[in-house]
Amino acid sequence: MGITRLELVNYRIFERGLLEPDPHGTTVLVGLNGTGKTSVLEAIGYLATARSFRGATREHLIRQGIEDAYLHATVERHDRPSTVNAQISRMAPARMTVNHQPVRTRRDLADVLAVTTFAPEDINVVRGGPAGRRDVLDDALVLLEPTAGGLLETVDRVLRQRNALLKQAKGRLTPEITSTLDVWDERLQAAGTSLITLRETLVDDLQDEVQRAYAALAGAPVRDERATMDYERSFSGDLGTALLANRDDDARRIRTGVGPHRDDLRLEINHRDARTEASQGEQRCLALALRLAIHQRVTARLGTPPVLLLDDVFSELDPDRSRRLVNELPEGQTVITSAVPLPSNVTSATVVAIEDIGGGRHGSLRSI
Amino acid sequence: MYPGPLRNLIDEFARLPGIGPKNAARLAFFLLRTPRDEAERLSSAIREMKERTTFCPICCSVAEGGQLCPICADDRRDPSVICVVQDPRDLMVVERSGSFAGRYHVLHGGLSPLEGIGPEQLKIAELEARVQDGVVTEVILCTNPNVEGDTTALYLSRLLRPKVAKVTKIAAGVPVGGDLEYADEMTLGRALEGRRDLEA
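Those sequence lines, one after another, are chains A and B.
All letters in the first sequence, in the order written, are residues 514 to 881 by our numbering.
All letters in the second sequence, in the order written, are residues 2 to 201 by our numbering.
Everything labelled a hint here was simulated from the structure, so no lab data went into it.
Keep in mind it's a predicted model, so treat the numbers as computed, not measured.
Hints are not guaranteed to be accurate.
[What the hints assert, rightly or not] Here are the in silico distance ranges between beta carbons for each label pair: (1) B:Asp76 / A:Arg685: 42 to 48 Å; (2) A:Arg775 / B:Leu115: 18 to 24 Å; (3) A:Asp751 / B:Glu194: 20 to 26 Å.
[What the hints assert, rightly or not] Derived, one-sided and incomplete: chain A residues facing chain B with beta-carbon distance under 8 Å: (4) Thr693; (5) Val696; (6) Glu699.
Glycine included, every Cβ here is placed at the ideal spot set by N, Cα and C.
Just chain A, same shape as in the assembly (with noise of 0.2 Å):
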């Protein structure tokens, strides 16, 4: 799949902006900081997830003092076009539609429009906590399970409804709370355990191309460099029987101590931590090579690859590395933004620079 024409209407600092890339090659935006080069990525991957990759709030994405901003986009598959809108507004959730009808789910949209992005963020994957590593696991089961979507939100609904009635007991387990305490806790091991089996099945699936990838990118055999991942429980045995050992404690902390959102995937290279023991450059590469097999595999459901959104990745790595991450891009649409030069072995692209036009506020995009 490949956009063929993106336009932004009053987002961030654009008052309008068009940009039409290659549906099939790289393109790369450069520019000044602080001109709306990773903007343009995080529209795409508005269009494509229906939220900022950059964490942004719905009011961030809007120009100042206007209500509300337009994202269009042309996607081809299969030379068919289809068109992906996003309207986003201060007071109301976005609304967005493919080819004019109203979306359903996240897999209704990725099946048009679905993206793979790098951001110099991603090394938090790596280094910081358990909810980084298990959102990245996360969404890529809502792209690649049919049932993952519904069991994240089942999961996180009754979670927050036995927190609550933990916080009612103020303490005492009461008969009242305890049979009640029972049928989340049963609802929470049914949905929790399909959940974590999923997660688990996903890891033991992405085992080998991580362990490949980081290899290649490392630049080393992968008998040198051994990446390898272990999806780690929070309990040992049942899910209901941890809970249910587990309940005094958690009356007392008004908080759920086991269960697939206290889960975490250990990453280690060469039998070490990678999250503690790790360089830096370690850390990005395991962070790509765990998003390039999650696009592997999502290529393999969609038939078609996502688009690739590298967001300034280049001066985050050393040239040897950056390098190497060239030579294992996927075939497909990229889009990059870079604020240094690019890797010696890009071949071909089509460059893009963002204009500048009155102090910010009227960014347009131009084809060169």
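Since the structure of chain A is already known, use the hints to place chain B on it.
Just chain B now, kept in the frame of chain A:
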């Protein structure tokens, strides 16, 4: 700013579910222009509804003047089957289907600790009392197919199983007369789980 009485009415309308400040003002101005007797029909309808609507002492559905509801008062309804719903409106929906000849029980909500609703806030004790004498042989749980409704059904099934011969839950699945391709993944998944043998 509007004069006091008009403002009060707008504020009252704005407290109703689904009514925002603009709609509230629209309704109030509509009534302002309406002839007096028509506007008073509305106020007396509200007053009578509050005065005369009661809850059926058996099934907890809505009834009039402390009487039994029309269904509990109807001898032809099968007393051995109880269909449990969350809301009187759900009762009307099941009733409209014309597929159920038993009795009902209205819970007035579903378990939701986030909204402060536990078993004590629902008409569950009343339901337990109804199944004590052994007349009831089946309880059909007809709760909403969402997290709260499903959890309420699970709670009731645990509570009632020792006391009632059969506790069932309505099937979830694909709308009749629709196309399979329009069913979402969750619904179709549940429909597949709830599949059953075709009788030869």
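Exercise for the section: Please flag the earlier hints that this structure goes against, numbers listed from lowest up. Expected result: none
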